[in-house]
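Student: Let the sequences and hints guide you as you build the complete structure.
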Amino acid sequence: MSRRNATSFVDNNTLTSSGISGSGSMSPPITSRPASGQASPLTSNGSLSPPQYADDQGSVSYNLDSPRDLSPLLLSELACLNMREVVARPGLGTIGRQIPVKSNFFAMDLKNPKMVVIQYHVEIHHPGCRKLDKDEMRIIFWKAVSDHPNIFHNKFALAYDGAHQLYTVARLEFPDDQGSVRLDCEASLPKDNRDRTRCAISIQNVGPVLLEMQRTRTNNLDERVLTPIQILDIICRQSLTCPLLKNSANFYTWKSSCYRIPTAAGQALDLEGGKEMWTGFFSSAHIASNYRPLLNIDVAHTAFYKTRITVLQFMCDVLNERTSKPNRNNPRGPGGPGGPGGYRGGRGGGRGGSYGNFGNRGPPGANVRDDFGGNGLTFTMDTLSRDTQLSSFETRIFGDAIRGMKIRAAHRPNAIRVYKVNSLQLPADKLMFQGIDEEGRQVVCSVADYFSEKYGPLKYPKLPCLHVGPPTRNIFLPMEHCLIDSPQKYNKKMSEKQTSAIIKAAAVDATQREDRIKQLAAQASFGTDPFLKEFGVAVSSQMIQTTARVIQPPPIMFGGNNRSVNPVVFPKDGSWTMDNQTLYMPATCRSYSMIALVDPRDQTSLQTFCQSLTMKATAMGMNFPRWPDLVKYGRSKEDVCTLFTEIADEYRVTNTVCDCIIVVLQSKNSDIYMTVKEQSDIVHGIMSQCVLMKNVSRPTPATCANIVLKLNMKMGGINSRIVADKITNKYLVDQPTMVVGIDVTHPTQAEMRMNMPSVAAIVANVDLLPQSYGANVKVQKKCRESVVYLLDAIRERIITFYRHTKQKPARIIVYRDGVSEGQFSEVLREEIQSIRTACLAIAEDFRPPITYIVVQKRHHARIFCKYQNDMVGKAKNVPPGTTVDTGIVSPEGFDFYLCSHYGVQGTSRPARYHVLLDECKFTADEIQSITYGMCHTYGRCTRSVSIPTPVYYADLVATRARCHVKRKLGLADNNDCDTNSRSSTLASLLNVRTGSGKGKKSYAPSVDDESYSLSDATSDQILQDCVSVATDFKSRMYFI
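Numbering-wise (the UniProt record's numbering), the sequence shown opens with residue 1 and increments by one.
Everything labelled a hint here was simulated from the structure, so no lab data went into it. These figures come from a predicted structure and were not determined experimentally.
Below, a list of computed lysine-lysine pairs in the DSSO-like style, where the Cα atoms sit at most 27 Å apart:
(1) Lys255 x Lys518
(2) Lys114 x Lys533
(3) Lys246 x Lys134
Label-pair distances were calculated between CB atoms; the ranges are:
(4) Gly536 x His148: 21 to 31 Å
(5) His148 x Glu438: 39 to 49 Å
(6) Glu821 x Val653: 49 to 59 Å
(7) Ala619 x Glu844: 49 to 59 Å
(8) Arg441 x Pro470: 22 to 32 Å
(9) Pro530 x Pro113: 16 to 26 Å
(10) Glu438 x Ser180: 41 to 51 Å
(11) Thr302 x His164: 23 to 33 Å
(12) Gly440 x Ser146: 40 to 50 Å
Where a beta carbon is used, it is the ideal one built from N, C-alpha and C, also for glycine.
Tutor: Here you go:
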């Protein structure tokens, strides 16, 4: 096969004169001299890198000195840079077609707008040393309220948050007119091993609080007073959290949502595995335009463990769910050698291997499962017997499922004790412990013998015991004497099937969701709520109505190679067609190879797929080879590593370049997928594209087109571009504007215990369209929201932008994802200072204006069309481009809602945008049009997406990098393992044992008693290496 000579790559420090990079990647044309009348980008006015240094070939090198080398004057200026105030709203938007809409906010009226409540600080005292949860604190507090009517004259004039805050309508009368009081009470707590526990509460008078909404918001981030709206929030939820009201027993409160506890079969959706979906409602108080308090109400769905079931029934449900799955590690077909390597007599042979079955355990003829749940037997309470025991596979699966759960011990009549499960132990008839008999002698007996003597023989002595309570104490309980504590929320990762079931149940069209929300508001009975009545608060029964505007979408331009069709298409309902269109800037794929993790007998399907892919790529204008150079077969993730190395070595030997490796997967498998991406992105630096076998077997034109879209962008091409209008032509398209997307992903609670760090992704365009992006990834301290190493990433993004466009950024627009309002102050100050420092580190007079916008998707605001004529699609959602900046937005600051996508299923959730800094001085119309336009540049599909493309790409980069880190730390991310079951840490990755030197227990495994200290610099560098992609990948879209 003939190949063109590879053009030179752009290195890290020089800018070549060619606009075409290796592997066919293309960048906008670059001119060596500015046109007449234009200012040179290298002049001293706003110069990017004074002084420049030119080598013999004319390449320009940059000043990459550390920010610490800045002049004292600049350092002083940066030190004084303190972002205290967010930008004020420049005005309301005017462009677009106006439509009346409703939103799921309900007006709240205060009987006395200047009402004053009294605030108290509450401390709950428990005789034990354990930490109380909010449910227990509420039980103790309200029991004290009932026991002391002389102090709490009106129990409905109280608002308690379940922790430390108490608000009252009138001042409480303490004995001797003191400012504090300590009250005793006896409460029944399920977690205690006694019927009633004597507790105490201390109440301290803090002072009066004025419920004036104007004090709630301010542009100054340091002076925001949130107490008034927080008090309204507590009052609205009080009736469903107060145990003195009978109705509260029917609800379970989790954060800002209240879920109805199922009382009969059919009231909850069965999710299998001992889990079910509960339905409830979310409520949160907000301050909107004109400082009007609103109550946001929405439908809530989440997974809980089933109520009123035994641990044995839970075990049956878990094992039936997990062992009923087909064994994905056992490919179909008999053993045999691999198939031939290439379809044209290629250079690689397939890898041989056996496809035999796993062996069964147990005695001959025994009706037992193999170690992988082999024969599909079903667990039920009727099939359990005295001889029932679990295999090693079943023990691991059930141990992962029950670890961390709360159970109730029921072996003693009239005594219920709640424990937390630490782990599964040996069967009851084999687990021995040391005790003392009636005569005071030490004896060793099994758990089964002990319970047989005390409470009667066990029915299932061969089942494992539960290790419960404090991990340092040996408390073992047979499973048959335990119940699942309820209510108990499911906090682990759900399977795809369970997630799909919840989405299917929750995804109703907009009109149905609107009706459900109205029903929830009516069922909440705000009109008869005794707490709201005493505080003088009334909640409307009607949704807020306001006016929205539908912004016109930008036209989309494809390539002009096909003169029979117009290259400009106009989106309709958030999508556009590529029929007979060619790519705007097609890339060239000189050669590719294939790794097939399928049966070699599927070669015919692979050949058909390659032909279809080549035909579609050619039709779309892309230069694509007819056949892969190499085809290699494998089965496991270990084979993936070997095959990648073999392919890279063969291309290296022949002094040729492999532009891409297509990997065919039998089914979805996150472990194999991340192995492919690790080998592709980090180890070998070869682009990869994964395809499922079901799509290979049926290569439809739409499937092939989607693959071509991804391959084209990975190889440096551009699929399409937006056609500029008056606003985007001025600020975005064909302008030196650098658009940055930033996202930070955080570890889960289980991952935090394993020292899993947070991962930050910074994405920015490298062209003027903007369509092509490069990315940087930074690993930082867990759960830190602001990006620590943003300075280096932004500086690299600016230099890359200049190398590709020959222009310095005239402005920087930052879209920041995942920041809550409480984090605005921290993130704005630290990240804006880092961006500004990065600019000044390049040149002391390089000060482009910065616009910083926070994008929020995790909220409960929904927008509904008032009239049916304005609804679109079967889901009857608001049309794409619907923008709301009145009625439900904040009274100060600059925020707006934008629904930029077409809701195919369920009710569309608009994105909320907060403009925290705007040095570019955009108007409301300009910033909304730019944002909506950026939602039409997503390269993986021909649809507008729900958030701006840079943020979407940043999320893809951060998610992939997070998976790389988890793999290095030994934290599996698939349905067959749970992170709680792993003990791998960064220290175990390094084969060292961490020691603080202060007597703290070390949890890292070690082969001896020596302890080593692991410096933060070493750990940071190792984790950073886990996510560092190949050098030339940093300016290419490997993540698409």
